Amino acid sequence: MSKTPSPAARASAGLADRLPRWLVPNLTGVHLVAIFIALLLIGLLLVPVAQVMIVAFQDPATGAATLQNFVDFFRTSLFRESFWNSFYVSAMSVVVATAIALPLAYITTRFHFSGSILIQSLGFIPLIMPPFVGAVAMQLIFGRNGTVNLLLRDWFGFDIPFMEGLNGVILVQSIHYFPFILINLSASLRNIDRSMEEAAQNLGSHGLRLFRRIVFPLAMPGYIAGAALVFIKVFDDLGTPLLLNVNNMLAPQAFLRISSIGISDPMGYVISVILVVFSVMSLWASFLFMRGKEYATVQKGGGGMAKRSLKPAEKVLAYGAVIFILLLVLSPHIGLLLLSFGTIWSFAPLPDGYTLQNYVTMWEGSKTFIMNTVLYAGIAATLDVIIGTAIAYIVLRTQIFGRKGLDYLATAALAVPGVVLGIGYLRTFHAIDVPFTDKPMASWWVIIALALMIRRLPYALRACTAALQQVSHALEEAAESLGATKRRSIQKIVIPLMTGGILAGFVTSFATAAVELSATIMLVSSNNDAPLAYGIYLFMQTPSGRGAGAALGIVAVIVVAIGTIASQIIIERDKKLKSSGDAH
Amino acid sequence: MKKILYSSIAATALSAGGALADGKITVITSFPDSMTGPIEAAFEAAHPEFDLEVLNKKTSAGVKYIQEIAGKNTADIFWASAPDAFEVLKSSDLLAGVEIKSEGIPERIGAYPLNDPDGKYFGFAGAGYGIMWNERYLKANDLEPATEWEQLAQAKYHGHVGMSAPSRSGTTHLTVETLLQGEGWDKGWAQWKRIAGNFSTVTERSFGVPDGVNTGNFGLGIVIDFFGFSSKASGFPVDFAYPTVTALVPANVAVVNNAPNEAGAVAFIEYLLTPEGQSVLLDPAIMRLPINPATYENAPEGFPNPFEDSTIGATVEFDVEKSGARYNLVNSMFDVMITYRLADLRAAVGAIQAAEAAHVDSGNEEAKALITEAWALIDANPIDEAKSLDPEFAGVFTKKRKKATDEVEARQAEVEQEWDATVVANYAKAKELADKAAAM
Numbered sequence: 001m002s003k004t005p006s007p008a009a010r011a012s013a014g015l016a017d018r019l020p021r022w023l024v025p026n027l028t029g030v031h032l033v034a035i036f037i038a039l040l041l042i043g044l045l046l047v048p049v050a051q052v053m054i055v056a057f058q059d060p061a062t063g064a065a066t067l068q069n070f071v072d073f074f075r076t077s078l079f080r081e082s083f084w085n086s087f088y089v090s091a092m093s094v095v096v097a098t099a100i101a102l103p104l105a106y107i108t109t110r111f112h113f114s115g116s117i118l119i120q121s122l123g124f125i126p127l128i129m130p131p132f133v134g135a136v137a138m139q140l141i142f143g144r145n146g147t148v149n150l151l152l153r154d155w156f157g158f159d160i161p162f163m164e165g166l167n168g169v170i171l172v173q174s175i176h177y178f179p180f181i182l183i184n185l186s187a188s189l190r191n192i193d194r195s196m197e198e199a200a201q202n203l204g205s206h207g208l209r210l211f212r213r214i215v216f217p218l219a220m221p222g223y224i225a226g227a228a229l230v231f232i233k234v235f236d237d238l239g240t241p242l243l244l245n246v247n248n249m250l251a252p253q254a255f256l257r258i259s260s261i262g263i264s265d266p267m268g269y270v271i272s273v274i275l276v277v278f279s280v281m282s283l284w285a286s287f288l289f290m291r292g293k294e295y296a297t298v299q300k301g302g303g304g305m306a307k308r309s310l311k312p313a314e315k316v317l318a319y320g321a322v323i324f325i326l327l328l329v330l331s332p333h334i335g336l337l338l339l340s341f342g343t344i345w346s347f348a349p350l351p352d353g354y355t356l357q358n359y360v361t362m363w364e365g366s367k368t369f370i371m372n373t374v375l376y377a378g379i380a381a382t383l384d385v386i387i388g389t390a391i392a393y394i395v396l397r398t399q400i401f402g403r404k405g406l407d408y409l410a411t412a413a414l415a416v417p418g419v420v421l422g423i424g425y426l427r428t429f430h431a432i433d434v435p436f437t438d439k440p441m442a443s444w445w446v447i448i449a450l451a452l453m454i455r456r457l458p459y460a461l462r463a464c465t466a467a468l469q470q471v472s473h474a475l476e477e478a479a480e481s482l483g484a485t486k487r488r489s490i491q492k493i494v495i496p497l498m499t500g501g502i503l504a505g506f507v508t509s510f511a512t513a514a515v516e517l518s519a520t521i522m523l524v525s526s527n528n529d530a531p532l533a534y535g536i537y538l539f540m541q542t543p544s545g546r547g548a549g550a551a552l553g554i555v556a557v558i559v560v561a562i563g564t565i566a567s568q569i570i571i572e573r574d575k576k577l578k579s580s581g582d583a584h
Numbered sequence: 001m002k003k004i005l006y007s008s009i010a011a012t013a014l015s016a017g018g019a020l021a022d023g024k025i026t027v028i029t030s031f032p033d034s035m036t037g038p039i040e041a042a043f044e045a046a047h048p049e050f051d052l053e054v055l056n057k058k059t060s061a062g063v064k065y066i067q068e069i070a071g072k073n074t075a076d077i078f079w080a081s082a083p084d085a086f087e088v089l090k091s092s093d094l095l096a097g098v099e100i101k102s103e104g105i106p107e108r109i110g111a112y113p114l115n116d117p118d119g120k121y122f123g124f125a126g127a128g129y130g131i132m133w134n135e136r137y138l139k140a141n142d143l144e145p146a147t148e149w150e151q152l153a154q155a156k157y158h159g160h161v162g163m164s165a166p167s168r169s170g171t172t173h174l175t176v177e178t179l180l181q182g183e184g185w186d187k188g189w190a191q192w193k194r195i196a197g198n199f200s201t202v203t204e205r206s207f208g209v210p211d212g213v214n215t216g217n218f219g220l221g222i223v224i225d226f227f228g229f230s231s232k233a234s235g236f237p238v239d240f241a242y243p244t245v246t247a248l249v250p251a252n253v254a255v256v257n258n259a260p261n262e263a264g265a266v267a268f269i270e271y272l273l274t275p276e277g278q279s280v281l282l283d284p285a286i287m288r289l290p291i292n293p294a295t296y297e298n299a300p301e302g303f304p305n306p307f308e309d310s311t312i313g314a315t316v317e318f319d320v321e322k323s324g325a326r327y328n329l330v331n332s333m334f335d336v337m338i339t340y341r342l343a344d345l346r347a348a349v350g351a352i353q354a355a356e357a358a359h360v361d362s363g364n365e366e367a368k369a370l371i372t373e374a375w376a377l378i379d380a381n382p383i384d385e386a387k388s389l390d391p392e393f394a395g396v397f398t399k400k401r402k403k404a405t406d407e408v409e410a411r412q413a414e415v416e417q418e419w420d421a422t423v424v425a426n427y428a429k430a431k432e433l434a435d436k437a438a439a440m
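Respectively, the protein sequence lines represent chains S and B.
FYI, in this note's numbering the residues of the first sequence are 1 to 584.
FYI, in this note's numbering the residues of the second sequence are 1 to 440.
Treat the hints as calculated values from the structure; they're not laboratory data.
Just to be clear, a hint being listed does not mean it is correct.
[Unchecked claim] Cut-off 27 Å, straight-line C-alpha distance, at most; resulting in silico cross-link-like pairs (DSSO-like, lysine-lysine):
no.: 1; chain 1: S; residue 1: K367; chain 2: B; residue 2: K24
no.: 2; chain 1: S; residue 1: K367; chain 2: B; residue 2: K57
no.: 3; chain 1: B; residue 1: K187; chain 2: B; residue 2: K368
no.: 4; chain 1: B; residue 1: K139; chain 2: B; residue 2: K72
no.: 5; chain 1: B; residue 1: K187; chain 2: B; residue 2: K232
no.: 6; chain 1: B; residue 1: K72; chain 2: B; residue 2: K24
The structure displayed is predicted, hence computed values, not measured ones.
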């Protein structure tokens with residue numbers, strides 16, 4: 001886009017025009033933004049992570065540079081097995097998550113279905129529970145001696161190993177991360193140009209064939225974006241396997257080796273490098289898959305697929321499916337709710353008794369946690385969508401050198417285990433003081449917000465990219481040919497059309513940042529600065545604190561759920577406005 | 001965006017000004033809120049001039065944190081159970097030598113010296129390891145509580161036991177090392193592997209064990225005493241017993257080197273050792289053994305008193321130096337042989353137990369020989385005790401080069417892969433032999 005400077009830029013050039021060209025590089029606003037973002041990512045992601053990762057390339061005995069550690073990695077059968085397990089769990093989680101998300105997304109966008117908004121919001125809720133809390137609740141419901149198995153054993157004399165080994169990880173991860181697919185897929189389905197579908201119908205296609213050949217392929221950008229996120233998140237998620245005590249996967253192996261007392265085995269760092277490389281490769285594969293395909297639709301006002309009403313029999317089937325799925329994905333919340341009102345819950349299908357005491361205990365000690373969480377996650381998510389939109393625009397609409405690099409760099413944050421980022425921040429920022437105080441930067445709360453921002457940037461970025469991918473270039477060209485400047489066409493055309501995606505990105509970032517633990521646990525330097533997930537963790541460390549921890553978990557769910565539902569309502573209203581405008 | 005940044009800088013500058021009041025003592029601890037809370041309240045009531053700022057981290061994360069911030073230390077006190085964690089900090093010169101005044105505190109608890117001989121860290125409470133069980137779970141599975149380690153290896157407990165890994169939890173490390181020292185290296189490891197053959201799971205955190213027993217996820221857990229006492233005090237249907245072979249060890253507290261508020265840190269430790277400070281340990285949510293014998297006069301009925309009941313923790317004379325010399329090596333061995341290969345080990349031990357049950361009084365000598373051979377494969381150790389104490393070999397697992405010229409011969413990954421291959425082959429062979437014996 002920088003080939004021909006806009007009239008405004010030319011007018012303000014003045015002195016620069018008379019200087020030799022190489023002295024004043026032709027930088028437009030977009031270039032400056034790109035450079036600023038690049039510096040931000042290098043300073044907050046690359047440098048801290050490099051500080052930690054360099055250990056992987058050092059000979060532990062001499063400190064000299066070496067690749068021997070990687071040879072050791074592939075020679076060790078435990079690591080090969082861990083690698084395979086991680087891969088298997090990630091792939092299966094994508095499959096199971098798709099099975100959960102696809103019916104919900106399709107039914108709610110395709111048919112007149114009362115409570116669509118509610119389902120879309122409820123479906124989102126699993127994401128906003130800290131994974132370790134989810135695992136605790138799932139153990140209570142589905143565990144070896146959880147509610148379901150105790151009842152099954154009493155009534156039928158058998159049980160199902162839902163939570164044994166890798167099964168448990170797959171189940172918890174699918175339930176936890178399927179909203180990534182749901183959100184992105186629903187957004188894509190809503191944006192499908194109705195005329196495509198009508199054309200297919202005119203040509204005689206209907207039912208499953210219509211879905212398989214027309215609807216699903218058109219929704220691909222959203223699905224792939226969601227599935228890639230699920231795959232990578234599961235691949236390097238730490239909390240869930242750790243809480244289910246599954247050690248033979250890569251991320252837990254890295255964590256166990258890095259965080260053991262006194263051990264400075266380089267293997268943990270080697271695994272971190274491998275996690276990063278593998279995740280970046282998976283993302284690249286998903287880009288390759290999408291390349292050369294045109295998904296943009298010209299008619300944004302099309303309002304998505306034609307909606308139709310369900311026949312009574314279909315209605316029963318659809319409600320049955322939706323209720324079953326919701327019950328499954330909300331089971332951690334049901335478990336948590338019972339735990340928060342329960343007295344003692346031990347080897348029994350339900351708690352022994354019910355009380356409000358847990359909420360009283362919780363309320364006495366956790367107001368700061370809640371305020372801090374809203375503050376940190378708010379800052380992180382706001383910065384995320386701003387930077388995410390900018391990067392998406394730079395990548396998809398400009399020719400700036402290294403623009404793909406920005407995307408990869410921002411996305412690589414996905415592959416950095418939270419603990420590694422946490423240690424890296426401590427190493428990088430401990431020696432620097434906060435301006436005007438003599439406190440080290442590493443113990444300043446803003447660092448926590450920035451760490452969250454980096455950790456959650458990939459989510460916002462994926463959402464913004466998918467949204468922008470569906471905005472046809474022709475719309476901007478039309479605006480520009482009518483005399484709008486680049487800046488104006490971005491402001492008036494591109495961003496408004498992306499609103500849904502940006503909001504989805506904000507909510508995803510906010511909600512998941514609100515429950516993040518792995519990076520913050522390294523960075524919290526005083527309980528006054530601690531966010532909510534840390535508070536739950538503290539409560540859950542004692543036999544008497546489990547109920548109170550669960551109560552705090554419920555508060556977390558409610559706080560984020562309100563935000564989510566509010567943004568869903570905004571999206572729906574936005575959509576209605578557009579389609580009513582279209583009707584006139 | 002800039003506005004947000006500026007206002008946040010201003011806000012922090014203000015809050016920092018308030019928070020850096022003279023009396024602030026920053027404490028890094030692995031102890032839960034339910035324990036630090038009452039002690040903090042009691043201390044601040046007794047010393048209103050100080051403000052205790054408690055920061056909860058897992059022991060290993062706490063050690064790492066203090067190491068990372070050492071260049072510009074902001075912590076005053078490190079407060080945790082495991083003496084080994086203090087040894088790690090002491091060896092990297094991160095603990096300050098201070099003088100603590102106290103009265104009526106004995107030299108030892110059980111057979112264990114209370115304080116670091118170099119005066120870098122101090123015991124303030126005692127703890128012993130034992131077995132905790134869930135009454136409902138045992139009743140539903142028709143089991144008796146096990147009160148000795150070797151009972152846990154019995155076939156009837158197969159799949160009912162839980163424990164944490166020593167590499168994850170400093171207190172668990174002590175349990176493992178205590179048995180190794182109490183029973184001898186080879187016999188100790190054999191016993192651990194036979195017990196581990198009955199494991200339902202190896203939990204990632206030490207609290208995962210009482211949590212698993214409390215919820216009834218597994219029936220019996222190997223835990224530190226206060227987890228048992230405080231779970232019981234919170235109303236869970238659980239109980240706890242000390243086996244004969246156990247060590248009482250102190251939970252410790254130390255002043256961090258270059259502490260911003262060293263005077264406050266010393267005042268806090270001295271308070272912990274006063275009769276008032278000690279009596280807070282008997283709070284139902286804490287339930288740790290006070291180290292001031294006089295405090296036991298106020299203890300609830302049935303609370304163990306190691307200063308009178310000499311059977312608790314007296315059997316094993318815990319050798320800290322021996323433990324320290326092979327600290328990481330023992331962790332690594334446990335992980336390679338048990339944590340990471342639990343499924344293989346459990347399958348093998350289960351098969352042998354089934355074969356034994358099939359031949360209790362069959363008189364089939366050939367089958368008995370196969371079973372003995374299979375047990376020998378489970379019991380086999382990759383290295384002997386002498387090698388475990390060889391500083392050069394143990395050095396592979398620490399890799400802390402003292403000087404740039406120091407060379408360590410083998411690499412940890414190499415050694416572990418070698419062990420892993422042996423262990424996996426042994427377990428597979430043991431299962432094969434046991435299956436063969438069972439089929440006879």
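Evaluated hints:
For the hint linking S/K367 to B/K24, the alpha-carbon distance of about 22 Å falls within 27 Å, and the restraint holds. A C-alpha spacing of about 20 Å is found between S/K367 and B/K57, which places the hinted pair at or below 27 Å, so the restraint holds. Between B/K187 and B/K368, the direct Cα distance comes to roughly 21 Å. Compliance with the 27 Å bound is thereby established for this hinted pair. A hinted pair counts as satisfied when its Cα atoms are at most 27 Å apart, and B/K139 with B/K72 does not qualify at roughly 55 Å.
With a CA separation close to 33 Å, the supplied pair B/K187 and B/K232 exceeds the 27 Å bound. Between B/K72 and B/K24, the direct Cα distance comes to roughly 17 Å. Compliance with the 27 Å bound is thereby established for this hinted pair.
Checked against the numbered hints above, the structure breaks hints 4 and 5 and satisfies the rest.
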